[in-house]
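> Taking the hints into account, I'd like the entire structure generated from these sequences.
If you read the sequences in order, they're chains A and B.
All residue numbers for the first sequence refer to the numbering used here, where the first residue is 1 and numbers rise by one.
All residue numbers for the second sequence refer to the numbering used here, where the first residue is 1 and numbers rise by one.
Quick caveat, the hints were computed from the structure, so don't treat them as lab data.
Because the structure is a prediction, the values reported are computed rather than measured.
Computed footprint of chain B on chain A; a stretch qualifies when at least three of its residues, placed anywhere within it, have a C-beta under 8 Å from a C-beta of chain B:
# : segment
1 : 9-21
2 : 53-61
3 : 138-148
Even for Gly, the Cβ is constructed at its ideal location relative to N, Cα and C.
Number of protein chains: 2
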Amino acid sequence: MYLDTQHIAGLAKDYRTTLVNSIAGFKSANLVGTVSSTGNTNLCIVNSVFHLGAHPPLLGMIFRPHSVPRDTLENILATGVYTINHVHSGIYRAAHQTSARYPRETSEFAASGLREAWLEGFAAPFVAASTIRLAMTYRDHQTLAVNNTVLVAGEITGIHCPDEIVGDDGYVNLEQAGSLAVIGLDSYHSTRRLDRLAYAKPGREPASIL
Amino acid sequence: MYLDTQHIAGLAKDYRTTLVNSIAGFKSANLVGTVSSTGNTNLCIVNSVFHLGAHPPLLGMIFRPHSVPRDTLENILATGVYTINHVHSGIYRAAHQTSARYPRETSEFAASGLREAWLEGFAAPFVAASTIRLAMTYRDHQTLAVNNTVLVAGEITGIHCPDEIVGDDGYVNLEQAGSLAVIGLDSYHSTRRLDRLAYAKPGREPASIL
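Written out as structure tokens, the structure reads:
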């Protein structure tokens with residue numbers, strides 16, 4: 001099919017949302033844990049985490065326009081901390097359930113059955129069942145003029161991860177961790193590594209470094 | 001393992017880069033095609049494409065600080081157009097090769113063996129061998145104060161995609177397209193769908209909609 005701007009604009013809203021969300025490619029499936037200044041914990045599944053830099057280690061995350069209550073974003077801004085917890089095959093159903101619209105006073109930890117873990121004195125809750133867990137410290141946010149979404153930038157200030165899945169060069173074997181890739185908002189995928197390739201140089205065929 | 005900020009800061013640079021890039025989770029593998037104002041085409045593999053919104057359909061992309069020549073970014077700003085082409089299992093080696101540092105006058109299309117396609121009169125080159133191809137029109141860019149990376153926001157103004165991989169609800173079956181997920185900068189993965197779940201509602205178990 002070929003769809004131009006007029007075609008795309010003419011699509012039914014739900015169809016367009018699903019099409020645009022899925023055609024963007026695979027994303028990471030993460031659970032973001034926060035706590036309000038009054039102590040209510042919150043957990044939500046997020047597929048918008050992306051790499052911003054390694055020195056310092058920064059991740060970005062996109063929130064929809066701040067025109068309706070956004071517990072997670074408000075908690076991050078109020079407390080300055082949050083956690084990112086990988087979704088694996090054993091918890092994806094519970095993780096998905098955190099996207100339901102619960103009343104504000106309900107913790108999605110309790111509602112989804114995912115247990116909280118408080119690690120190393122960090123002031124935001126982790127997901128006990130996750131294999132890879134990141135302690136995140138808020139660094140900056142800005143509203144994007146293009147569509148009023150909000151970009152939150154945070155620094156990885158703690159990494160919890162099993163020793164045996166981290167290689168000698170720092171490569172984290174996400175397949176051993178069971179981490180999933182996601183299409184759109186609802187499609188969960190396990191992966192199989194095809195190859196890992198060496199740093200590319202002109203005039204040389206890419207070499208496998210498996 | 002548990003690494004705190006001091007541990008992370010003390011890691012060797014290459015180790016930290018690999019660790020931080022891979023622990024962020026799966027990303028999409030895309031080739032971004034551009035052309036300079038003088039007609040030189042450029043192609044580079046990018047793993048930083050993310051969803052910004054569906055109405056209008058917007059994707060974001062992160063570029064490293066604009067302190068060294070960045071052909072792709074400069075071409076986008078000069079011409080206002082670019083293409084996003086999914087990487088599949090048949091072309092991932094050639095796609096990876098585009099990350100080599102070629103002289104500015106060398107087109108990575110020619111260097112990697114990936115053929116250009118010019119579609120629907122669009123003023124930026126697509127990858128002939130890609131199954132899913134997006135025509136992108138530049139909308140905005142901003143430098144992120146947190147680490148001077150540059151976020152480019154573009155609108156999907158054209159979608160080229162085989163009919164048979166798009167479902168009745170707009171869901172694009174990326175596995176049928178052979179699209180790959182990537183860890184870090186060098187690890188390529190095929191996927192297998194575990195499940196697709198219905199819109200979550202409080203007090204109801206997540207239902208499969210496979």
